[in-house]
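Use the sequences and the hints to build the structure in full.
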Amino acid sequence: MSHAFRARSTRHRVVVAAAAVPLLVLAGCSSSGGDTGTTEITFLTTNDAPNPEVADALVEAFEAEHPDVSVSVEIRPGGAEGDNLIKTRLSTGEMADVFFYNSGSLLQALNPDSTLVNLSDEEWVGSLTEEFVPVVSTDNGTYGAPLGASFAGGIVYNKPLYEELGLTVPETWDDFMANNERIAAEGDGVAPVIQTYGETWTSQLFVLGDFANVTAVDPEWAEQYTAHQRFYADEPALLGFQHQQEVAEAGFFNEDFPSATFPDGARMVAEGEGVHYPMLSNVIQTILQNTPDAVDDIGFFALPATDAENTQATIWQPNAVYIPKSTEGAELEAAKEFVAFVNSEAGCDIQNELLPPAGPYAGTCEVLDSAPPLLDDIQAYFDAGKTANALEFISPVKGPNLEQATVEVGSQIRSAEDAAAFYDQDVEKQAKQLGLEGW
Amino acid sequence: MSAATEVRAARRRRTAARTSLTQRATYPSWFYLPAGVLYLIFFAIPTFASFYFSLTRWTLFDVEFIGLENYVQFFSEPQLSRGFTNTLVYGFVTSGAKVVLGLALAVLLTSQLIGRGYLRSVVFFPVLVSTIGVGITFTALLDPFDGVVNTMLAAFGIDGPGWFTDPNMALLTIAAVDVWKGLGIATLIYIAGIVAIPQEYFEAARVDGAGRWQQFRSITLPLVQPATATVIILSLIGGLRSFDLIWATTGGGPGFTSDVIGSVIYKQYQAGFYGLSTAGNVILFLVVTGIMVPISILLNRKAVEL
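Those protein sequences? They're chains R and H, same order as listed. This note's numbering numbers the first residue of the first sequence as 1 and each following residue consecutively. This note's numbering numbers the first residue of the second sequence as 1 and each following residue consecutively.
Computed spacing ranges between beta-carbons, pair by pair: (1) R:E123 to H:F65: 41 to 51 Å; (2) R:E186 to H:V72: 49 to 59 Å; (3) H:L286 to R:E428: 17 to 27 Å; (4) R:G385 to H:V72: 44 to 54 Å; (5) H:F51 to R:P134: 39 to 49 Å.
FYI, nobody ran anything at the bench for these hints, they're computed from the structure. Every residue gets a Cβ at the ideal spot worked out from N, C-alpha and C, and that includes glycine.
So, in structure tokens, the structure goes:
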């Protein structure tokens, strides 16, 4: 036995030595080859369409303008998985030189003052809208430049079906339910409301998209919520949960709601398999990619409140690009140029082409006439002054399990009241983690 | 991981005890050094660091010591009680099924059978596939509307259930997939156990007029006891800290209905509650150790008696 062992160990040593030689050679190569005068930076974006395409197009145009900088694109997962990756890379100082991430409460959780480069002195900061500045800023500075336009959360609907059934855009919750009733009765098997719990985040719209209506009833809600004085378990915020339960109990969902995915939902509303899809208006980008002919058939209205006068559209501010503190020297300069480029004329052209706006821009970019018609529906709420930012842009408190709670309400596993109370408990962890007062 | 370490350590102790009786220190003790250093860096230090971090509020950017608050929080977590029950159900169901089915298949595959080698590899094949791959494949196969399984059931006029989407079925469906995937290992261990039983016992039994069932009951079953112990320990530990398959198929859903301790902990990580989730891991470590050490002692005592 010991013979066999020794023989193997000798052979092993040879293999290790053989493997080590090319490694040394490689190491020699890379250390001598780097110094050619170009600055190399990296840009981290998300993997969901069309973001990788947007990144590639931006990089290509940027490199054409800046031949001395070379940018490589990195891809990360979205959702909670992505949040985790961003936090880990930031805390280990290994973040890409420029990265694309949410604004609002998720940005605050990154502790921007200690992890990100303050961009307050950059030229483009002056052009940002006053709604956008606070969602990428702390008391000490501004950290991000918008990439993409703002978008609204509410009901995305199929206009031809509305015409066919002679329906009008509902202004109160009762009108909305009456429309659903009509669709169920006369719609020839078309689903009144589309839900897609195969991707759980899509289940939250009844609650999150209702927030502008909560603000209309109680303008101080968000502030008081952050101070632990308002709760989802009480009206008016509870209504979002209750509405979802009401629609579920009435049986208005598409048959395959437990397993359908977000692209399924986009297809269903585009092709008229369902009428209402409670969703973010930027679902239009998915529709444009998968069923481009249907883009003109898609309209938008805000989730209706109990009273018509309180019905407002909930607005999500755009995501943004940021530079981590770990980027320094020539790379930092190049990164700043890239961030500025995103909102330059050439950058805006790319945004308009590949990320068609589903709401107004937050920076210098301008909406083109060729933008999807759904945008007009959203603009109407802006013109009427009937919009409010989503909760995640006003309060840093957002619990991680809202999507599970709303799936449970929609699947009738848990009652609306129970789910709301559960969610109030869920946010406590986040508030404590942020060290907020009153929790 | 820590549970596996625990078992490995237990086994090492046993082996050490046995070898010290037969032969004395063939190798100098510094041979332990490389393994010892690796063990220290990758297991011992992180384990003790996790005990500390479980007592803190940790954002990765800064650490604040908060005593036992994380444990209080974790135990008041509403998903947790559900997760606990689900973990136990999942662990015992998969482990039990693997013992019964693994033994049955092993008996079959050690008998005189046409294409025995081929069948053995077919049974073992799912073990080689990546768990995430298996999860994604089964999500597609068991899709309640477009999935192959329900489409086939529909052809026979059966209305197939929402395997992964029905709150009452999700956990058991995942357990079934887990059994399909892990059965090969159990079968393999049993085959080794059965093959090791001397043929003379069976010959003697046949001479005494014992039937196949009697041979199985009185010879095979008691003599594969060490194999049974291994299968139970491995599959129970695997089941209790199961995570990847559940995450790849339902993500703990719908809602929280198929959450296990592992997925509850992972969700805390995702949400950025690093201290809280570390506390969860410490609890998982204690629970798995608490269940496995007595079982392992019990099973091994039996094995020694034989």
